[in-house]
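Chains as they are written, first to last, in this note's numbering: chain A, 601 to 915; chain B, 601 to 915.
It cannot be assumed that every hint is accurate.
Heads up, the list lumps identical chains together, so a pair's fine if it works in one copy or across two of them.
[Said to hold, decoys possible] In silico EDC-like cross-links for lysine to aspartate or glutamate, where the CA-CA straight-line distance does not exceed 16 Å:
#, residue 1, residue 2
1, Lys-866, Asp-909
2, Lys-820, Glu-800
3, Lys-691, Glu-630
4, Lys-709, Glu-870
5, Lys-891, Glu-668
6, Lys-672, Glu-807
7, Lys-631, Glu-728
8, Lys-618, Glu-724
These aren't lab readings, by the way, just hints derived from the structure by calculation.
Protein chains: 2
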Amino acid sequence: MNHIPSLTDILATHEKIKPYIIHTPVLSSEKINELAGCEVFFKCENLQKIGAFKARGGMNAVLSLSPEEQQKGITTHSSGNHAQAIALAAKAVHTKAYIVMPRNAPEIKKSGVKYLNGEIIECEPTLEARETTVQQVIDRTGATFIHPFNNYDVIAGQATAAVELINEVNTLQVIMAPVGGGGLLSGTALATHYLLPDAEVIAGEPEGAADAILSFKSGKIEKAPYIKTIADGLLTNLGDKTFEIIRAYVKDIITVSEEEIVAAMKLVWEQLKIVIEPSSAVPFAALLKQKERFAGKQVGIILTGGNVDLGSLPF
Amino acid sequence: MNHIPSLTDILATHEKIKPYIIHTPVLSSEKINELAGCEVFFKCENLQKIGAFKARGGMNAVLSLSPEEQQKGITTHSSGNHAQAIALAAKAVHTKAYIVMPRNAPEIKKSGVKYLNGEIIECEPTLEARETTVQQVIDRTGATFIHPFNNYDVIAGQATAAVELINEVNTLQVIMAPVGGGGLLSGTALATHYLLPDAEVIAGEPEGAADAILSFKSGKIEKAPYIKTIADGLLTNLGDKTFEIIRAYVKDIITVSEEEIVAAMKLVWEQLKIVIEPSSAVPFAALLKQKERFAGKQVGIILTGGNVDLGSLPF
């Protein structure tokens with residue numbers, strides 16, 4: 601779609617992708633509530649297909665193409681969860697996914713794409729090489745490029761996680777998500793604005809990739825002063841489409857340190873008995889950092905994914 | 601109750617404990633199905649309160665006492681999940697839990713009981729010391745002793761996990777559970793016998809605690825030839841009550857090696873993105889070991905718990 605998704609768009613998106621995604625559970629823990637001083641409801645997108653919420657946006661973007669476009673295939677460049685989301689969606693509509701990945705991408709990410717029948721095209725590990733290689737794929741195949749976040753169909757897809765969360769707990773006073781490129785955060789902010797207009801949307805961001813908070817304050821898209829964080833899903837800058845929505849509907853962004861991310865991650869593993877990746881733990885870390893702000897409230901947190909290498913855990 | 605639980609007993613138990621337990625989700629993974637050669641539905645009791653199915657049996661046993669009995673308190677000896685289950689249940693009915701634990705029980709288990717307001721009474725790490733100490737508690741307080749598995753109220757409680765699983769997937773052809781003392785296995789076997797009489801119940805047991813398979817073959821309760829397994833929830837022998845039910849309604853027991861347990865555990869963490877303890881992985885390891893037997897079938901597996909020390913993982 602070529603406009604900010606309306607409530608009708610988001611609900612129609614939800615119906616459209618439902619057969620292809622998992623309606624993930626919402627979990628909570630009395631011990632976590634006690635530690636946090638508020639009631640926390642975790643929407644478990646780590647239990648989503650491909651282990652991340654990205655399945656929602658990728659699926660919607662691919663299902664929104666015409667049959668002719670679908671037939672020519674889909675392409676993207678990504679070394680992360682979006683690559684698998686596009687491969688999954690392409691497989692679902694029986695077409696090809698051409699995934700441009702940097703030569704040095706982890707083997708586990710490559711094998712995830714291959715498992716979903718995605719074709720990997722390797723390139724040098726620079727943004728320029730990625731974009732040039734994607735353009736070559738488009739020129740050769742006519743495939744459609746799907747941006748990982750700066751795309752309204754993707755944003756509408758990511759919004760459906762918050763739709764399910766709000767349907768399940770319609771008394772939430774705060775909804776939290778991490779911010780990287782802003783696809784999930786902008787979708788979450790839209791869904792919340794439409795369905796729970798009195799609730800605040802607050803984002804968590806790593807101090808070591810603090811571009812969104814700078815942009816939020818200055819009013820224009822900024823880069824992070826430095827990049828150094830374990831939350832490898834949150835390294836990207838905002839896009840113009842996601843930023844516009846975030847400026848309008850997000851209340852605040854809270855940054856957290858590496859230690860705070862790892863501590864929050866460990867607490868979720870121990871108490872909820874689920875595997876989450878570091879990026880997922882960022883909003884919960886933000887909540888724990890500013891407890892007084894959330895005291896006694898009902899807070900929903902979107903846990904974004906669970907793709908971690910069990911061989912190199914930070915605890 | 602003083603008889604093998606009937607279907608009516610089990611369904612009434614389910615209604616009784618519902619307000620106190622979590623209706624845990626059933627998860628599956630296309631990749632696991634492909635690897636296993638069958639459709640596997642995992643009932644996630646690791647996401648249960650106290651991180652284990654034991655919350656069900658403990659809750660039912662305590663709720664089944666008279667108000668007078670409840671008031672005098674509850675006691676048990678356990679260094680594992682049953683201790684926390686009893687503390688949780690006692691707290692729910694606003695009475696005291698006296699938990700006898702060996703002096704050398706892990707600090708994390710002790711703190712779990714303390715967190716639930718359970719009173720810990722330490723003893724020497726022998727079965728004799730445990731039983732003597734429990735008797736002293738009873739003499740002093742009038743508390744009721746609740747056995748971890750050889751108790752029909754406990755068995756009826758554990759049966760409710762299979763009830764929920766069958767309600768959600770009523771086409772299962774096989775249901776699997778691990779076997780330690782046999783509380784969960786006997787409850788699962790009863791529920792399956794009543795609700796899905798054509799389905800087979802098959803247990804998994806560690807080779808390093810292989811008492812149940814010996815008992816199953818000889819027809820009398822046997823001890824394991826040796827005890828050495830990472831599946832620390834499955835060390836106990838069967839009781840007369842659990843054994844009678846298991847003999848009648850369990851189709852088979854499959855033993856698995858330590859390597860098979862760890863590999864199955866890792867696969868669940870990686871693909872389902874959940875934290876399970878080694879004991880939980882035993883039936884899935886049994887399935888993977890005898891794939892041909894389950895080929896093309898719909899198999900339910902009860903994942904029993906998720907209480908592991910993240911600091912000492914076997915992978």
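Evaluated hints:
no.	hint	in the structure
1	Lys-866 to Asp-909	both (15 Å within a copy, 11 Å between copies)
2	Lys-820 to Glu-800	neither (22 Å within a copy, 63 Å between copies)
3	Lys-691 to Glu-630	between (40 Å within a copy, 13 Å between copies)
4	Lys-709 to Glu-870	between (26 Å within a copy, 13 Å between copies)
5	Lys-891 to Glu-668	neither (51 Å within a copy, 42 Å between copies)
6	Lys-672 to Glu-807	neither (41 Å within a copy, 53 Å between copies)
7	Lys-631 to Glu-728	neither (47 Å within a copy, 34 Å between copies)
8	Lys-618 to Glu-724	neither (37 Å within a copy, 56 Å between copies)
Checked against the numbered hints given earlier, this structure breaks hints 2, 5, 6, 7, 8; the rest are met.
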